[in-house]
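Novice: Residue numbers (our numbering), protein chains in the order written: chain A, 1 to 189; chain B, 1 to 189.
Just so you know, these hints were derived from the structure itself, not from any lab.
Possibly wrong hints are sitting among the right ones.
Note that the list lumps identical chains together, so a pair holds whenever it fits in one copy or between two copies.
Cut-off 27 Å, straight-line C-alpha distance, at most; resulting in silico cross-link-like pairs (DSS-like, lysine-lysine) [unchecked claim]:
id : residue 1 : residue 2
1  : LYS85     : LYS102
2  : LYS102    : LYS81
3  : LYS5      : LYS21
4  : LYS112    : LYS21
5  : LYS146    : LYS85
6  : LYS117    : LYS47
7  : LYS21     : LYS111
8  : LYS81     : LYS21
Protein chains: 2
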Amino acid sequence: MDILKQRILEDGIVLDGNILKVDSFLNHQIDTHLLDDIGEEFYRLFKDEHITKILTVESSGISVACAVGRIFKVPVLFAKKGNVKTLDEATYCEQSYSFTKKESYYMNVSKKYLGPKDTILIIDDFLANGIAIDALLGIIDQSQAKLVGVGIVIEKEFQKGGKKLRQAGVRLESLARIISMENGNIIFS
Amino acid sequence: MDILKQRILEDGIVLDGNILKVDSFLNHQIDTHLLDDIGEEFYRLFKDEHITKILTVESSGISVACAVGRIFKVPVLFAKKGNVKTLDEATYCEQSYSFTKKESYYMNVSKKYLGPKDTILIIDDFLANGIAIDALLGIIDQSQAKLVGVGIVIEKEFQKGGKKLRQAGVRLESLARIISMENGNIIFS
Numbered sequence: 001m002d003i004l005k006q007r008i009l010e011d012g013i014v015l016d017g018n019i020l021k022v023d024s025f026l027n028h029q030i031d032t033h034l035l036d037d038i039g040e041e042f043y044r045l046f047k048d049e050h051i052t053k054i055l056t057v058e059s060s061g062i063s064v065a066c067a068v069g070r071i072f073k074v075p076v077l078f079a080k081k082g083n084v085k086t087l088d089e090a091t092y093c094e095q096s097y098s099f100t101k102k103e104s105y106y107m108n109v110s111k112k113y114l115g116p117k118d119t120i121l122i123i124d125d126f127l128a129n130g131i132a133i134d135a136l137l138g139i140i141d142q143s144q145a146k147l148v149g150v151g152i153v154i155e156k157e158f159q160k161g162g163k164k165l166r167q168a169g170v171r172l173e174s175l176a177r178i179i180s181m182e183n184g185n186i187i188f189s
Numbered sequence: 001m002d003i004l005k006q007r008i009l010e011d012g013i014v015l016d017g018n019i020l021k022v023d024s025f026l027n028h029q030i031d032t033h034l035l036d037d038i039g040e041e042f043y044r045l046f047k048d049e050h051i052t053k054i055l056t057v058e059s060s061g062i063s064v065a066c067a068v069g070r071i072f073k074v075p076v077l078f079a080k081k082g083n084v085k086t087l088d089e090a091t092y093c094e095q096s097y098s099f100t101k102k103e104s105y106y107m108n109v110s111k112k113y114l115g116p117k118d119t120i121l122i123i124d125d126f127l128a129n130g131i132a133i134d135a136l137l138g139i140i141d142q143s144q145a146k147l148v149g150v151g152i153v154i155e156k157e158f159q160k161g162g163k164k165l166r167q168a169g170v171r172l173e174s175l176a177r178i179i180s181m182e183n184g185n186i187i188f189s
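One chain only, chain A, in its complex shape (with noise of 0.2 Å):
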């Protein structure tokens, strides 16, 4: 999606330790019109897999999700993060860990919003270890519904997370995928 490589190429800011700040538009302040954007290319990516419902987790994968999820005409459902292990019978708890904030953290989603008959969109902004998107995945499987696929914003494919899950053959779409960061200098595969 060139559009937003050329956003990626203008105002991301690569920080030391791989880390690539896009708060101008995706994480902090929003562009509205390229979340429009992006939605438009994930319907054009999985239009035909009779999806039923969008699967992201808070908080910065739920705008994008909604970009999707309306153009979809589907519902949205963002996994809850929880410092604790949620053990009540009416929620799928998987546990993750956050790189950023080294921490450990669970996601929680109620069973009352997912199950055996729904078709599974997962839509999140970055794809890196992939620690997040094993967590959803987790909760999928609990849930017994059928996944579709998962659609990514920004993959930093010089890490695991996008090989392990074409391993897996998880079908993935990553409309950004940066092969190197190296001195700054952002490039694409």
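Starting from the structure of chain A, add chain B where the hints point.
Specialist: Then chain B, alone, in the frame of chain A:
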């Protein structure tokens, strides 16, 4: 906004402690069609105000703010929550408090994205005691941006947030104003 009130009556769940759960269409699962209608309604209310940016706070404000921002064709800026006070000079930081989680937290907004030239509409999903909105107003004060008003999806009018804002002369537009939830019966004003 009748369609919203109807939905609250049908799907809202009143819990102890004056908590209204709207997890099925707003705070966990999101009805993207309703979100579009909400965006249109806020546009109708504020369209003549020359708004340059929508301000909200993560997480559940983001979906609504994006629905509004896309119709106004302006960016959305969401305050990020953190546990420690941010002292760097590049960030507006205000303390807030979550009654749900019973803990203090800080809201952070980068100075890069908010300044004296901005005309701001604050958008959030709920208004109860108004603690979160107070912090957003504090951030706008710091930035010297112009505040046009506050748009809320569901106001719990029996709590003090709305009264406080109206008394302070802030233009507050709430799409559904609940005056009572006693015995689980939701009554609108």
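Novice: Each of the hints needs a verdict: does it hold here or not?
Specialist: Here's how the hints hold up against the structure:
Taking the closest pair of Cα atoms, LYS85 and LYS102 come within 27 Å of each other both inside a single copy (17 Å) and across two copies (18 Å). In this assembly of identical chains, the alpha carbons of LYS102 and LYS81 lie at most 27 Å apart whether taken from the same copy (15 Å) or from different copies (16 Å). Taking identical chains as interchangeable, the C-alpha atoms of LYS5 and LYS21 lie at most 27 Å apart only when both belong to the same chain, with a minimum of 14 Å there against 39 Å between chains. When the C-alpha separation of LYS112 and LYS21 is checked against a cutoff of 27 Å, the pair qualifies only between copies, where the shortest distance is 13 Å, while the shortest distance within a copy is 35 Å.
Within a single copy, LYS146 and LYS85 get their C-alpha atoms as close as 25 Å, which meets the 27 Å cut-off; across copies the closest is 43 Å, which misses it. Taking the shortest Cα distances, LYS117 and LYS47 sit within 27 Å of each other inside one copy (18 Å), while across copies they are farther apart (41 Å). Proximity of LYS21 and LYS111 under a CA criterion of 27 Å is satisfied inter-copy only: 15 Å between copies versus 34 Å inside one chain copy. In this homomeric assembly, LYS81 and LYS21 come within 27 Å of each other (Cα to Cα) both inside a single copy, at 22 Å, and across copies, at 17 Å.
When the structure is compared with the earlier hints, no violation turns up for any of them.
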